[in-house]
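Visitor: Sequence:
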Amino acid sequence: MQVCVLGAGVIGLTSAYYLAKKGFQVTVIDRQPGVALETSFANAGQISPGYSAPWAAPGIPFKAVKWLMQKHSPLRLSPEPEMKKLLWMAKMLGQCNGDDYNINKSRMMALAEYSRDQFIALRKEIGISYQDGQSGTLQLFRKDEQVEASEKDIKVLKALGVPHQVLSPEQIAQVEPGLAPVIDKFKGGLRLTGDETGDCYLFCQSLKEKCENLGVTFQFNSDIKSLDVQANKIKGVETQFGVQAFDKVLVCLGSYSKELLKACDIDIPVYPVKGYSLTIPISNEKYAPLSTVMDETYKVAVTRLGDRIRAAGTAELAGYNLDLPKSRTDTISHVVGDLFGQGCDLSLADYWTGLRPMTPDGTPVVGASGIDGLYLNTGHGTLGWTMSCGSGAVIADIIAGSKTEIDSEALSAKRYK
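For this note's numbering, add 33 to where a residue sits in the sequence shown, where the first one is 1.
Calculated directly from the structure, the hints in this document are not laboratory data.
Model, not experiment: these values are computed from the prediction.
Some hints could be false.
Listed next, the in silico DSSO-like pairs over lysine-lysine satisfying Cα-Cα at most 27 Å (straight line) [to be verified]:
| hint | residue 1 | residue 2 |
| --- | --- | --- |
| 1 | K359 | K99 |
| 2 | K157 | K96 |
| 3 | K436 | K104 |
| 4 | K332 | K176 |
| 5 | K332 | K96 |
| 6 | K188 | K218 |
| 7 | K436 | K54 |
| 8 | K117 | K319 |
| 9 | K218 | K185 |
| 10 | K176 | K191 |
| 11 | K319 | K220 |
| 12 | K218 | K176 |
| 13 | K55 | K436 |
| 14 | K268 | K55 |
| 15 | K319 | K332 |
| 16 | K447 | K436 |
| 17 | K54 | K241 |
| 18 | K54 | K96 |
| 19 | K55 | K266 |
| 20 | K281 | K436 |
| 21 | K118 | K281 |
Pairwise CB distance ranges, derived in the manner of DEER restraints [said to hold, decoys possible]:
| hint | residue 1 | residue 2 | range |
| --- | --- | --- | --- |
| 22 | E115 | E442 | 49 to 55 Å |
| 23 | P210 | S435 | 30 to 36 Å |
| 24 | N265 | D132 | 32 to 38 Å |
| 25 | F95 | E115 | 22 to 28 Å |
| 26 | G339 | K258 | 38 to 44 Å |
| 27 | D363 | S435 | 46 to 52 Å |
| 28 | G434 | M122 | 35 to 41 Å |
| 29 | G370 | P94 | 26 to 32 Å |
| 30 | L101 | G374 | 23 to 29 Å |
Don't be surprised by glycine CBs; every beta carbon is placed ideally from N, CA and C.
I would like the entire structure built from these sequences, with the hints used as guidance.
Guide: Have a look at this one:
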């Protein structure tokens, strides 16, 4: 059976791999000249099941107003009154209550934990390496109220059996010695010991080879024009080279999924939330991170990737704009300099920006579309790298008609109807 995967980012690649493992003949189509050249290219490097939580949480509307008034704000809003943005924000605000937060977080963590298990299995099965590390994620709290607020998340972690450690400033310095010179800036920390790190781009490069070994074919430099749907059944995909016939089609186009699907009368509430990152060589090992630290004040993650530091953060609602102004990268630079300034030279930093496909409730859309033979795997937001292997395995089971290993009903687009 011929299956077409649209998109060669980490979501598309993992989906293609698991589909090929099940015996499907898989073709991956992407407009870029290679894999992982958009949102998967330079993300934060975190594989963080323990940090999986929806942005829509109680108290977020009030926090958002405060953030917008800060110099180094984790949130930015473009001034244009774009209707898509306003509608998406309204839906997100509607999820900012305790009941919806608990439901959405449990869904996200179930998928993220399953995905982490798939990463482990994948390393054992095919020996894939991607500057991966298994030393956890450390949340850093600069304020007493952040420590107090973390108690709610700790209760959820305990209920779900997620391994974690509550740390004092002294214990933080033991886990991340590079923070010792600035340890007086922190009131405490929460370490998620089951989390991992890795270079998503390197992972995708390696997985492409594994996919090709399984017979997957790649069509790059191919602009996806439309889906060929007849009598509510998928027939194929149109690119600038014409229409190609496929038995099934899986859309993994991140933020660009929404526009393609609209022509088929499928409306998923996915909005592009712009993020920024920097990558910088380590100049002094003593003052560099060992794994990932998340500065909860600025919502910036700083990750060790081999001999480099990757830092990422900022959520900007600005449509499909991919400009890279210095004013938007200042917060990331500030955090890296504040935490690990003695371990790197910020003048050597490479900056990048990408569009993260966010749903209002934080949960991705994984499953059937309502059109026979057309499937979706998109809307992972900042957790695409974290959820990639799990999402790929789940959608492969769904397309194959197999029983999924986790509850997939909660991930389907039906929840928006």
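Visitor: Please go over all the hints and tell whether each is borne out by the structure.
Guide: Comparing the hints with the structure gives:
Between K359 and K99 the CA atoms are separated by roughly 22 Å; this keeps the pair inside 27 Å, and the hint holds. The straight-line distance between the Cα atoms of K157 and K96 is roughly 42 Å, outside the 27 Å bound, and the hint therefore fails. For the suggested pair K436 and K104, the alpha carbons sit about 49 Å apart, so the restraint of at most 27 Å is broken. Among the hinted pairs, K332 with K176 is consistent with the structure: their alpha-carbon atoms are about 14 Å apart, no more than 27 Å.
The hinted pair formed by K332 and K96 meets the criterion: a straight-line CA distance of about 12 Å does not exceed 27 Å. With a CA separation close to 26 Å, the supplied pair K188 and K218 stays within the 27 Å bound. With a CA separation close to 16 Å, the supplied pair K436 and K54 stays within the 27 Å bound. Proposed proximity of K117 and K319 is contradicted: the alpha carbons are some 47 Å apart, above 27 Å.
Only pairs whose Cα atoms come within 27 Å are accepted, and K218 paired with K185 is accepted, the gap being roughly 23 Å. Using a Cα cut-off of 27 Å, the hinted pair K176 and K191 holds, with the two alpha carbons roughly 23 Å apart. Among the hinted pairs, K319 with K220 is consistent with the structure: their alpha-carbon atoms are about 22 Å apart, no more than 27 Å. Taking the CA atoms of K218 and K176, the gap is near 9 Å; set against the 27 Å cutoff, the hint holds.
Only pairs whose Cα atoms come within 27 Å are accepted, and K55 paired with K436 is accepted, the gap being roughly 13 Å. With a C-alpha separation of about 21 Å, the suggested pairing of K268 with K55 holds against the 27 Å cut-off. Using a Cα cut-off of 27 Å, the hinted pair K319 and K332 holds, with the two alpha carbons roughly 24 Å apart. Taken as a hint, the K447 and K436 pair is honoured in the structure, with Cα atoms around 18 Å apart against an allowance of 27 Å.
The straight-line distance between the Cα atoms of K54 and K241 is roughly 13 Å, inside the 27 Å bound, and the hint therefore holds. At most 27 Å may separate the alpha-carbon atoms for a hinted pair to count; K54 and K96 exceed this at roughly 45 Å. With a CA separation close to 23 Å, the supplied pair K55 and K266 stays within the 27 Å bound. For a cut-off of 27 Å, the pair hint linking K281 to K436 stands: about 18 Å separates their Cα positions.
Under the criterion of a C-alpha separation no larger than 27 Å, the hint pairing K118 with K281 is inconsistent with the structure, at around 31 Å. Distance hint for E115 and E442: a CB-CB separation of about 32 Å, inconsistent with the stated range 49 to 55 Å. In this structure, P210 and S435 break the distance hint of 30 to 36 Å, their C-beta atoms being roughly 46 Å apart. With their beta carbons about 35 Å apart, N265 and D132 fall inside the hinted range of 32 to 38 Å.
Here the CB-CB span from F95 to E115 is close to 23 Å, well matched to the stated 22 to 28 Å. Distance hint for G339 and K258: a CB-CB separation of about 39 Å, consistent with the stated range 38 to 44 Å. A C-beta distance of roughly 48 Å is found between D363 and S435, which places it inside the suggested range of 46 to 52 Å. Restraint check, G434 to M122: a C-beta distance of roughly 38 Å satisfies the suggested window 35 to 41 Å.
G370 and P94 have their C-beta atoms about 31 Å apart, which keeps the hinted 26 to 32 Å range intact. In this structure the hint that L101 and G374 lie 23 to 29 Å apart at CB holds, the actual value being about 27 Å.
Violation of the numbered hints given earlier is confined to hints 2, 3, 8, 18, 21, 22 and 23; the remaining hints are satisfied by the structure.
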